[in-house]
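Enquirer: These protein sequences, in sequence, are chains A and B. Throughout the first sequence, residue numbering follows this note's numbering, covering 1 to 360 in sequence. Throughout the second sequence, residue numbering follows this note's numbering, covering 1001 to 1126 in sequence.
Since the hints were derived computationally from the structure, they do not count as laboratory data. For glycine and all other residues, C-beta sits at the position ideal for the given N, C-alpha and C. Be careful, since some hints might not be right.
[As the list claims (entries may be wrong)] Pairwise CB distance ranges (calculated):
1) B:E1059 / A:R61: 35 to 45 Å
2) B:R1079 / A:D192: 36 to 46 Å
3) B:G1075 / A:G321: 53 to 63 Å
4) A:D197 / B:F1026: 37 to 47 Å
5) A:E211 / B:L1011: 20 to 30 Å
6) B:L1080 / A:D254: 12 to 22 Å
7) B:E1032 / A:D197: 17 to 27 Å
8) B:S1120 / A:E115: 45 to 55 Å
9) B:A1039 / A:K289: 14 to 24 Å
10) A:A341 / B:L1011: 36 to 46 Å
11) B:M1097 / A:D203: 38 to 48 Å
12) B:L1011 / A:S43: 19 to 29 Å
[Stated by the list, open to error] Chain B stretches covered by chain A per the calculated footprint, using a threshold of three residues with CB under 8 Å from any CB of chain A:
13) 1056-1064
14) 1115-1121
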Amino acid sequence: MNALTGLDLAAIPDRIQAEVQRAIQRSIKGVEYFSTSGPMLGSTPKDVLHSRGTMSLYHYRPMSDEIYRVPVLIVMATTNRGYILDLVPGQSFIEFLLKHGYDVYMLDWSAPRPEEKSLRMEDYVLDFIPDCVRRVQADSGEQDVSVIGYCFGGVLSLLYGSIFPDGPMKNLICFTTPIDFREMKLFSNFSDRRYFDVDRLVDSVGNVPPEMILSSFEMLRPASRAVSQIQLWENIWNDQFVKSYRMFDRWATDTLPLAGEYFRTITKDLMWDNKLYNDTMSVGGRPAKLENIKVPILHAVAEHDHIVPYDAAKHLIAKIGSADKEEVVLKGGHVSLVAGANAIKRLWPKLDSWLGTRST
Amino acid sequence: MTDKITDPVALWQKMVGEMEKGFNSFATKAMETPEFSQAMNRAGGAAAGAQKQFGDLMEKYLLSMNLPSREQMTGIAERLQSIEGQLGEIRSMLNQMSAASGGSPIDAAPRPPRTKRPPSEGGGHK
């Protein structure tokens, strides 16, 4: 160590050699990166039980010798594809559930067609979800169904649960689910009713384009995309890093358009009037108060969630009518809470221990 | 072993990380202002209108060239998806009918029994 400069002079040749090797690897892997596609995502074997327009219901093939009595229906967020929960073997939440003895179904979404611009909140909460629940009951032969909602899928599940408090939902698990939309400060400002003419937008474009949804997500952290490109270049020699980058980048940019009328309701009822938090929300004229939900509920939130900040999610458990309710705050962000290396260590085992005892 | 403090690569990575945090924080503060919302929505409204007009114009152009528009191609893809969905449903119904009549489902493995107990109650992980 050089006492004057603080540099370890003996280590410099090794460091230079390592950097030269990485530079060579970057060139080779860089070419590979652009000439190959990423890992295949969402490949856990499944059957399409039902498909209707924007909605698809999958049943995943069991992977254990015996399964819990109560099937699980996952309700995906309407802005993104469900394969975030089924990335690749070893990093798939679906695979984890199957191997731990759950019978798993997923309500996933595809881009709404132009003629589906008139889909309303009612269609999602009073038609799509109940329809899927009925099909899960018929397919599994069980009356009880546990529901897992991710992000806005959690909001839809809460609305469903509050309108149908007498079942058949047996347990409810929400991941990073906002209820106080005032606290989603940037989204709230983007959709400020003084300046954002949602009627004009929906009337002119029909379905809200995915580019707009993606831009609004990316604006929450405007420097992060550029920085992630720099990090990709620095780490392109590292196959594990590149694989992970490609999985998450593909999913994050695979944003779905939103049905126009549905978006109008989200903006007016949730972003502007904060009706879910204020207990004034209704869907198709049916009151949707969170206090109506009496089933066991687990709410998992991320400590560093920039999309759904903790303040937007923290009141959920207090407002739910259940006696059996729990909030768990875990390290991670909006996506890393549910997918990736950290989820494997943190969220998934917690969910298994909570849901297993309530699935018999 | 190179010390992180004296490692130029680690220093560069730290600097990039700090710049990201700083810029995000600065931008967030700017984007929380009503002025930003006003400017963004003015630009966004104009862009949405222009996008719609351009789409209509392009549709007319493609029609005159006797070519299908993206919307029509999407429509065909969606119809195919719908047919696939209906085939899936027919298969599902056939499976249910087969199961109801005592036979085994056409293409599915037999389902495991719903007898699993949580490990805390003595049910092991299989």
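Enquirer: Each of the hints needs a verdict: does it hold here or not?
Expert: Each hint tested on the structure:
In this structure the supplied range 35 to 45 Å holds for B:E1059 paired with A:R61, their Cβ-Cβ distance being about 43 Å. For the pair B:R1079 and A:D192, the supplied restraint of 36 to 46 Å holds, since their beta-carbon distance comes to about 40 Å. One distance hint, 53 to 63 Å for the beta-carbon pair B:G1075 and A:G321, is violated here, with the actual separation near 45 Å. Between A:D197 and B:F1026, the C-beta spacing of about 28 Å breaks the proposed range 37 to 47 Å.
As the Cβ distance of A:E211 to B:L1011 is approximately 37 Å, the hint placing it in 20 to 30 Å is violated. Distance hint check for B:L1080 and A:D254: the Cβ-Cβ separation is about 20 Å, which falls inside the suggested range of 12 to 22 Å. For B:E1032 paired with A:D197, a C-beta distance near 20 Å keeps the hint of 17 to 27 Å intact. In this structure the hint that B:S1120 and A:E115 lie 45 to 55 Å apart at CB holds, the actual value being about 50 Å.
Between B:A1039 and A:K289 the CB atoms are about 38 Å apart, so this pair departs from the stated range of 14 to 24 Å. One distance hint, 36 to 46 Å for the beta-carbon pair A:A341 and B:L1011, is violated here, with the actual separation near 26 Å. About 46 Å separates the C-beta atoms of B:M1097 and A:D203, a value consistent with the hinted range of 38 to 48 Å. Roughly 40 Å separates the CB atoms of B:L1011 and A:S43, a value that falls outside the hinted 19 to 29 Å.
Counting residues of the segment 1056-1064 of chain B whose C-beta sits closer than 8 Å to any C-beta of chain A gives 0, which falls short of three, so the coverage hint is violated. For the segment 1115-1121 of chain B, the assignment as covered by chain A holds, since 7 residues bring a beta-carbon within under 8 Å of that chain's beta-carbons and 3 suffice.
Consistency with the previously given hints fails for numbers 3, 4, 5, 9, 10, 12 and 13, ordered from lowest to highest.
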